[in-house]
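Please take these sequences and the hints and turn them into a complete structure.
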Amino acid sequence: MAIREFGLKGLEGASTRSIAAAAGTAMSAITYHYGGKEGLYLAAADHIAAQLGEDMGPALEQSATLAGGDAASARAVIHTIMGRFADKLMQPDSESKSLFIIREQMHPTEAFDRIYGGMMGQMLETLVRLVCIASGDHDEARARLLTVTLIGQVIVLRASRASCLRLLRADAVDVVLVDALKARVAANVDAILDSLIATRQEPR
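Numbering-wise (the working numbering), the sequence shown opens with residue 1413 and increments by one.
Among these hints, one or two may not hold up.
Unchecked claim - List of simulated lysine to aspartate or glutamate pairs, DMTMM-like, C-alpha gap at most 25 Å:
1) 1500 - 1467
2) 1449 - 1473
3) 1500 - 1473
4) 1594 - 1499
5) 1500 - 1551
6) 1500 - 1591
7) 1449 - 1525
8) 1421 - 1525
Stated by the list, open to error - Label-pair restraints from in silico Cβ distances:
9) 1568 - 1533: 19 to 29 Å
10) 1521 - 1609: 33 to 43 Å
11) 1560 - 1465: 17 to 27 Å
12) 1483 - 1434: 41 to 51 Å
In short, the hints are calculated from the structure, not lab data. Even glycine gets a Cβ: it sits at the ideal position worked out from N, Cα and C.
Now the structure itself:
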């Protein structure tokens, strides 16, 4: 309830009265438990971070068991992370969280630090490491740039949903569309990694 209100209206525009009414509690309860609207906003960010951890944790745990230079396994884990991220991001109940995060992406506050400091940052840093292992290219700056392009393929369908649906001539983000996106992303991941490997193998 609070996440949806903050996602739609931001911290300044959100109404604690509306949040309390939707939760069936008194406004004084927000002050008692969170110290006010700002505290509730940060608690909402913490909740989003924790939920992302529950969603993505199992996929990231696979990377912890990788042998140092196992390129094939690293590639497989990248596919797992990207596929799971797409599934979770496209679920209907993720819309409120996405709105909240998008607002923080545009104008970061302490709430963004809490979200990024949790599983979001861990996921992105893990992808950077996996790109290096899977490609054999240990240029970290290049791996970070590639990670931005990889994750952006999934995020775009949520952050720019109206434009994407119009371009795709689709009415909604359904299972068929998500599966098609995941297949395209998987093919792109392989193409990017293969291109990096081929570049490394070219005669100098």
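How the hints compare with the structure:
| no. | hint | result |
| --- | --- | --- |
| 1 | 1500 - 1467 | holds (7 Å) |
| 2 | 1449 - 1473 | violated (35 Å) |
| 3 | 1500 - 1473 | holds (17 Å) |
| 4 | 1594 - 1499 | holds (9 Å) |
| 5 | 1500 - 1551 | violated (30 Å) |
| 6 | 1500 - 1591 | holds (12 Å) |
| 7 | 1449 - 1525 | holds (18 Å) |
| 8 | 1421 - 1525 | holds (20 Å) |
| 9 | 1568 - 1533: 19 to 29 Å | holds (20 Å) |
| 10 | 1521 - 1609: 33 to 43 Å | holds (41 Å) |
| 11 | 1560 - 1465: 17 to 27 Å | holds (21 Å) |
| 12 | 1483 - 1434: 41 to 51 Å | holds (50 Å) |
The structure fails hints 2 and 5 (numbered hints given earlier, in ascending order).
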